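S.K.: Listed below, chain by chain, are the residues.
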Amino acid sequence: MGEEIGFLGLGIMGKAMAVNLLRHGFKLTVWNRTLSKCDELVEHGASVGETPAAVVKKCKYTIGMLSDPAAALSVVFDKDGVLEHICTGKGYIDMSTVDADTSSKISEAITSKGGHFLEAPVSGSKKPAEDGQLVILAAGEKALYEEALPAFNVMGKKSFFLGHVGNGARMKLVVNMIMGSMMNAFSEGLELADRSGLNPQTLLDVLDLAAIANPMFKMKGPTMLQNNYTPAFPLKHQQKDMRLALALGDENAISMPVAAAANEAFKKARNLGLGDLDFSAVHQTVKGGEL
Amino acid sequence: MAKTLLLKTTPNFSQHYLYLRHPSIILYSPPNVKTSCFPQVMAMCSSFYPLLPINFGNKARPIFPFPTKPQSLVRFKAFSSQADTSTTKDDIPARIGFLGLGIMGSPMAQNLLKAGCDVTVWNRTKSKCDPLLSIGAKYKASPEEVAASCDITFAMLADPESAADVACGKHGAARGMGPGKGYVDVSTVDGDTSKLICQHIKATGAQFLEAPVSGSKKPAEDGQLIFLTAGDRSLYEVVGPLLDIMGKSRFYLGDVGNGAAMKLVVNMIMGSMMASFSEGLLLSEKVGLDPSVLVEVISQGAISAPMYSMKGPSMVKSLYPTAFPLKHQQKDLRLALGLAESVSQSTPIAAAANELYKVAKSHGLSDDDFSAVIEALKARIQDKK
Numbered sequence: 001m002g003e004e005i006g007f008l009g010l011g012i013m014g015k016a017m018a019v020n021l022l023r024h025g026f027k028l029t030v031w032n033r034t035l036s037k038c039d040e041l042v043e044h045g046a047s048v049g050e051t052p053a054a055v056v057k058k059c060k061y062t063i064g065m066l067s068d069p070a071a072a073l074s075v076v077f078d079k080d081g082v083l084e085h086i087c088t089g090k091g092y093i094d095m096s097t098v099d100a101d102t103s104s105k106i107s108e109a110i111t112s113k114g115g116h117f118l119e120a121p122v123s124g125s126k127k128p129a130e131d132g133q134l135v136i137l138a139a140g141e142k143a144l145y146e147e148a149l150p151a152f153n154v155m156g157k158k159s160f161f162l163g164h165v166g167n168g169a170r171m172k173l174v175v176n177m178i179m180g181s182m183m184n185a186f187s188e189g190l191e192l193a194d195r196s197g198l199n200p201q202t203l204l205d206v207l208d209l210a211a212i213a214n215p216m217f218k219m220k221g222p223t224m225l226q227n228n229y230t231p232a233f234p235l236k237h238q239q240k241d242m243r244l245a246l247a248l249g250d251e252n253a254i255s256m257p258v259a260a261a262a263n264e265a266f267k268k269a270r271n272l273g274l275g276d277l278d279f280s281a282v283h284q285t286v287k288g289g290e291l
Numbered sequence: 292m293a294k295t296l297l298l299k300t301t302p303n304f305s306q307h308y309l310y311l312r313h314p315s316i317i318l319y320s321p322p323n324v325k326t327s328c329f330p331q332v333m334a335m336c337s338s339f340y341p342l343l344p345i346n347f348g349n350k351a352r353p354i355f356p357f358p359t360k361p362q363s364l365v366r367f368k369a370f371s372s373q374a375d376t377s378t379t380k381d382d383i384p385a386r387i388g389f390l391g392l393g394i395m396g397s398p399m400a401q402n403l404l405k406a407g408c409d410v411t412v413w414n415r416t417k418s419k420c421d422p423l424l425s426i427g428a429k430y431k432a433s434p435e436e437v438a439a440s441c442d443i444t445f446a447m448l449a450d451p452e453s454a455a456d457v458a459c460g461k462h463g464a465a466r467g468m469g470p471g472k473g474y475v476d477v478s479t480v481d482g483d484t485s486k487l488i489c490q491h492i493k494a495t496g497a498q499f500l501e502a503p504v505s506g507s508k509k510p511a512e513d514g515q516l517i518f519l520t521a522g523d524r525s526l527y528e529v530v531g532p533l534l535d536i537m538g539k540s541r542f543y544l545g546d547v548g549n550g551a552a553m554k555l556v557v558n559m560i561m562g563s564m565m566a567s568f569s570e571g572l573l574l575s576e577k578v579g580l581d582p583s584v585l586v587e588v589i590s591q592g593a594i595s596a597p598m599y600s601m602k603g604p605s606m607v608k609s610l611y612p613t614a615f616p617l618k619h620q621q622k623d624l625r626l627a628l629g630l631a632e633s634v635s636q637s638t639p640i641a642a643a644a645n646e647l648y649k650v651a652k653s654h655g656l657s658d659d660d661f662s663a664v665i666e667a668l669k670a671r672i673q674d675k676k
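Protein sequences, first through last, are from chains A and B.
Under my numbering, the residue at position 108 of the first sequence is numbered 108, and the numbers go up by one with no gaps.
Under my numbering, the residue at position 109 of the second sequence is numbered 400, and the numbers go up by one with no gaps.
Treat the hints with care, as some may be off.
[Claimed, not checked] Partial pick of chain A residues on the chain B-facing surface, computed with a CB cut under 7 angstroms: (1) S123; (2) K127; (3) A143; (4) M171; (5) A193; (6) L246.
Hints are computed from structural coordinates only; laboratory data are not their basis.
As the structure is a prediction and not an experimental result, all values here were calculated from the model.
Heads up, the beta-carbon is just placed ideally off N, CA and C, and yes, glycines get one too.
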């Protein structure tokens, strides 16, 4: 991938990933719906495309990093979107987290114009994105995956190729479903410790030694105890992922009572206006949960 | 009645001192002891046991064997009279009782024995004592007799009912306890049961420590448990080295009830995590993904936990070798929900998880590993046994 790469979407994740690529010598042409967000990337050496179509026209490979299915579809299908200039020899790599249907829709549209498609949602939030420590869950065209690996190896610590389009999307949703449930379980535990007269910090210390120790508890525990919910992964996106995972379960008639309960907590949190905070803000919901 | 005081290492001490007070027997008084340590020793002793006169100067003969020190153990030295240097002055020679030799109790007691401790055991099913007897444990026929013949008695029972029965029942440990003795209940119970046991024990003049553990079969075997203790601080200090043999870390959490609560909170989170993990494994399989790949993906990311890496591979094969029985996980969730209710806290995730364990129990999976909860989500349950 020595050529110019396109990068659509410079939010929390996209910006960090693009900066990483630029730092490792990749040439990028970037686009963001709010164009001013491109300025910082320009300082790092990127060029700017006025529209997704303009970016695709210029670049052999274009990466998309949008926040949800609607945005992911929009950059592809809308006027001046990716489809206008995608063609044989060009590849589109969608790293957004969407449902499998959205991904299939995009894949079909791209490939019917002769283009090559890879879905590649990531596991990891802001800091892993900044540190190039994402886990990349790719599926779709194997050849495009091989060509994307140099970029993937900069952005991530491990990449998986999971087969046909849809598998990456589904894997990501399953992982985030577990994560959302875990965050809820963790919040319940922190609150119960506190209400039982225990020192919640001691709970964190114990958890850190136990079989259930994990980086998320270690990272989020202290900030949750300080009521600090600066967003690394916005709650509204976590709830979107839970919703999509539950839909996946619904489609296949799979029982998921814990995920359903977790989703309810995230919905309640959104209702309380916590949607733009970090998903750990669901803790606030648990705190308020009086019998 | 002999009293044993074991002092932990502190920077002020170059040695640790073991001494016994008994009217007719034993106190160690070495002529060559570092006199500078004495005032501190005496000060520490009097703060722990204010009523005890400390008799130095008696010629003493050691009554306990001094086995070799296990590597991880804090060094203990004992005064010995000049003439007697045959014993190695390294370990805690107190008489230790151990009640309950199940999945956890057996390896814990074994670790104490292997470290050179003097251990007397009891188990409801006597045959479970045999492996312990074959490596040097003594046997008594009831918790009462064990407690009567030991200085420190540990109890590792499966649930509140057994723990209360062993401590407070007919021929229970309380009947053998008294001043100078300590009872350490390492079972996982609710706060009320723990307080009840505490009451019965302390009424005899003995000291009490609740000390439930985090960690299952393998950590028990490997001496890697985490002790979540509460109760008599001085007993905690005394048994610290014993906990260090059986575990990798220990916490002192204050009043009786706090250890129990901490354990329940931890296991509430764990039970919910296992249930959620089960949902994920099943969902991934049903939508055409390889659940083993899910396990690998999880191990790379922010939610990577030892439990998932350990249990995932066997769960994918529908195997649930018992390290932590499902019935005990469900018991812990039930008790945690009770705790939550007592402090007016809503816990929907734990409640949803608890339902799954109940379903699994109703399908005969009580004695399987708690990871068998995944079966509760499947359409068709294969009944075990």
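S.K.: Could you run down the list of hints and mark each one as holding or not?
M.R.: Hints versus structure:
no.	hint	result
1	S123	holds (4 angstroms)
2	K127	violated (9 angstroms)
3	A143	violated (21 angstroms)
4	M171	holds (6 angstroms)
5	A193	holds (5 angstroms)
6	L246	violated (10 angstroms)
In terms of the numbered hints stated before, the structure departs from hints 2, 3 and 6, listed from lowest to highest.
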